[in-house]
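Chains E and V, in that order, are what the protein sequence lines are.
So that you can map any letter, position 150 of the first sequence is 150 in the working numbering, and since no number is skipped, the others follow by simple counting.
So that you can map any letter, position 131 of the second sequence is 131 in the working numbering, and since no number is skipped, the others follow by simple counting.
Just so you know, not all the hints are guaranteed correct.
Claimed, not checked - Listed below are several chain V residues computed to face chain E (Cβ distance under 10 Å; list not exhaustive):
| # | residue |
| --- | --- |
| 1 | P42 |
| 2 | T117 |
| 3 | T151 |
| 4 | L164 |
| 5 | A168 |
These are computed hints drawn from the structure, not numbers from a lab.
Nothing here was measured: the structure is a model prediction, and the numbers come from that model.
Backbone N, C-alpha and C define an ideal beta-carbon position, used for all residues, glycine too.
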Amino acid sequence: MPPRATPSATAAQALILVLGVLTSGVAAAGEGDARPEVSVSGQDDLEFRYWRDDRTLPDFPEEDHLFDYWELVNRINMKVDRGPLQLGVQLDTVAMLGAYYYLNDVRVNEFDLHADGVTFPLPLAYANFDKLWLGYQGDTAQLLVGDGYIAFGRGLALSLVKNTNIDIDSSLRGAHAKVTLGSWDLTAVSGVTNAQQVWQDNPNKQQIRPDHWHMVSGLRVDRYGLGPLNLGAHSVVYSFADRADLDAQPWEGYARGVDAAITGASVEAFGVLGLDLFAEGDLFLYPGGEVLGVEDNAPGYAVYGSAAAYPGRVALLVEGKHYKDVERVNAVVSRDLYEVAVGPTLEYERVITEDSGAAVNSNDISGVRIRADVAAKPGVLTPSLTLGLFRDRELGGLHFNRAPETIIHPVAGVDWIADSVHVLANAGFRVDQRDALPGGVDLGADRMAHVDLSLGFPIGSAHGEIGGDLRYFMWGENLNQQTDFTLLTANAAVHLGHGVSIVGYTDWTDDPLIDSVGNINENLYAAGELQLQPADGMTFKLFYGAYRAGIRCAGGQCRMLPGFDGARLSATINF
Amino acid sequence: MRRWLALVLVFLFALAAPGANPHAGEGQTAPEFTLRDIDNKPVSLKDMAGKVTLISFWATWCAPCQVEMPHLQKLYDTYKDKGFVLLMISADDARSVSRVKPLIKSKGYSFPVLLDTDTKVVSQYNPNKTLPYSELIGPDLKVLWQHQGYTAGDEVETERRVKLAVEALAAAKTVAPPAAPPAAP
Chain E
1 MPPRATPSAT
11 AAQALILVLG
21 VLTSGVAAAG
31 EGDARPEVSV
41 SGQDDLEFRY
51 WRDDRTLPDF
61 PEEDHLFDYW
71 ELVNRINMKV
81 DRGPLQLGVQ
91 LDTVAMLGAY
101 YYLNDVRVNE
111 FDLHADGVTF
121 PLPLAYANFD
131 KLWLGYQGDT
141 AQLLVGDGYI
151 AFGRGLALSL
161 VKNTNIDIDS
171 SLRGAHAKVT
181 LGSWDLTAVS
191 GVTNAQQVWQ
201 DNPNKQQIRP
211 DHWHMVSGLR
221 VDRYGLGPLN
231 LGAHSVVYSF
241 ADRADLDAQP
251 WEGYARGVDA
261 AITGASVEAF
271 GVLGLDLFAE
281 GDLFLYPGGE
291 VLGVEDNAPG
301 YAVYGSAAAY
311 PGRVALLVEG
321 KHYKDVERVN
331 AVVSRDLYEV
341 AVGPTLEYER
351 VITEDSGAAV
361 NSNDISGVRI
371 RADVAAKPGV
381 LTPSLTLGLF
391 RDRELGGLHF
401 NRAPETIIHP
411 VAGVDWIADS
421 VHVLANAGFR
431 VDQRDALPGG
441 VDLGADRMAH
451 VDLSLGFPIG
461 SAHGEIGGDL
471 RYFMWGENLN
481 QQTDFTLLTA
491 NAAVHLGHGV
501 SIVGYTDWTD
511 DPLIDSVGNI
521 NENLYAAGEL
531 QLQPADGMTF
541 KLFYGAYRAG
551 IRCAGGQCRM
561 LPGFDGARLS
571 ATINF
Chain V
1 MRRWLALVLV
11 FLFALAAPGA
21 NPHAGEGQTA
31 PEFTLRDIDN
41 KPVSLKDMAG
51 KVTLISFWAT
61 WCAPCQVEMP
71 HLQKLYDTYK
81 DKGFVLLMIS
91 ADDARSVSRV
101 KPLIKSKGYS
111 FPVLLDTDTK
121 VVSQYNPNKT
131 LPYSELIGPD
141 LKVLWQHQGY
151 TAGDEVETER
161 RVKLAVEALA
171 AAKTVAPPAA
181 PPAAP
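Excised from the complex, chain E in its bound form (with noise of 0.2 Å):
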């Protein structure tokens, strides 16, 4: 029997549509109270996302599109400031429209949205006030109760911050207390993580899943201005929740044991011989190891530095690391699309593969990186150039090698910023040199060559950007011996002024890890959109057409994005 909708169905899900809106509404209308002292503002993010998928059924007619669907989501963020005071609240909606089909007079849903352990009245739909937090401002105490982001030193003990480039936004829910005293900063943090339940950017397809509460509490202390440093120490303590019990409750987490312990300092230094320097120390221990993957609890380390140096037209950047059983911390988080604790990774992220990616969260790595920008004229023309070296020694997990690695990855690039043209161009190439195993048996090394570009310039009164990336990739010796290929990214676009640009993307690679197939041909992606923007902070896309998956890396975390091949209407609206 061919599919079909019922009614009720479709007017329960649309409900969630409109009440999304009318939300929108009243907070927009508070703009006009009378009170002035109380402020309401706020942000709506709306996608609909129109899923085309060439699957059918026996019987079942290839044109009705049988597993073709929508996905609506949208979030809402909405505050409420009244002087020192502010009410925040983030509702994450989604629902899936036209997810099933009839057979034989049964409804069948086309998946199950929601994971054990999430529970929702309609089937094909949720809605989560994924974040709630009350906040005070004073001036020598903030506090805030509820969900908040957390970040101490660069990192490497404590990470929860938004990171939207790939869909991240993972707070903690607890509470939050800083407070100054003269030039000393104390900060404390108890609460659990929250990881947002309702993907924004990518397929909710993927299920809904409950949330893992694992605590998390630090205190770091800051002394500022001690002549030309500054002085920070901080030890923050996890609990991982047992992933298999769906009943358990958020402050279960204070009674269990701790798992992971991380204890460091950081020192500061402005200007000292003409040098900005940073350094942090971080000591990882593990009571709970056995959670973690770790044999015998053994305690990991961290240590990173920073020097920059302005010699006349020159900016000099020099960072180092040194990660030794450091993302053992994240191995349970890891497994809900996020991290807790993320140091600098010193990679040309962009460029990240499927294979490089294991280098990026290794758990036993060494590198530097220097960077030297040259302020040829400045604010104008400003070439650089890069130079990354890393010695992986981690083997297994992530990694395609069987021997320890050394990588080396220079990119040159070069920033041309005039009134109404730019270029904005890098290049490199990188090589991970496999080590010879015993025996001199030679595994060769992978190696890629890449380039990016952006480029702007005016078409009579409107203008146009041209950008993309091209790399080519080739395999050292590995045991699943892939096939060299290339990548190409590109898109053009033509901004016409008053708030209106067209876009076109095109995607095209051979690579055979990617998990995705082309409209066009078998690699072959594209797509275009239109964008307007009708009036300040209101913003539309339409876009219509299909980009690859992969493996995408942003603020030193990365992940596998699907592709994707059809629709998408998307609004951004600040209220």
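Dock chain V against the given chain E, drawing on the hints supplied.
Then chain V, alone, in the frame of chain E:
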């Protein structure tokens, strides 16, 4: 298919009615913050009372931000002596914050740059973190204007807004009555 199309149209209509405000954010109090600048000095928004302040969120990894920056530098140079303050707030998190000052130095920029390493402030002003993102704040610390993203030519509207606000500030100072002398002891 028609059903879904109708739903989309209904949604767009609903969105355009109550939620679509062509003057988004105007008149609201800007959230207070205190951040350190790249030279380690604390800067609070409340200290900007009585001035016209443009807050611009950016990051070292944001290409449109780099393209917009020279225009903001020109804006800063033009109006900084007329009661205008530009606060460039880096949304680089703890992991990439070491790159902020070298980037600023390499371009020769002189505007103030603040560090929001735990993303608290950017999360308050612009929860989806789309960059660049700007808010123009008046002398009473209320939002005058918001702008998201940057495409060539946007700097014209930004300057127009700043100029209007600076001129209004100057006019207010001109007509304001002189301060009363302190009372005799």
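Legend entry - Unmet hints by their number, sorted upward, for this structure: Hints 4, 5 are the ones this structure does not satisfy, whereas the remaining hints hold.
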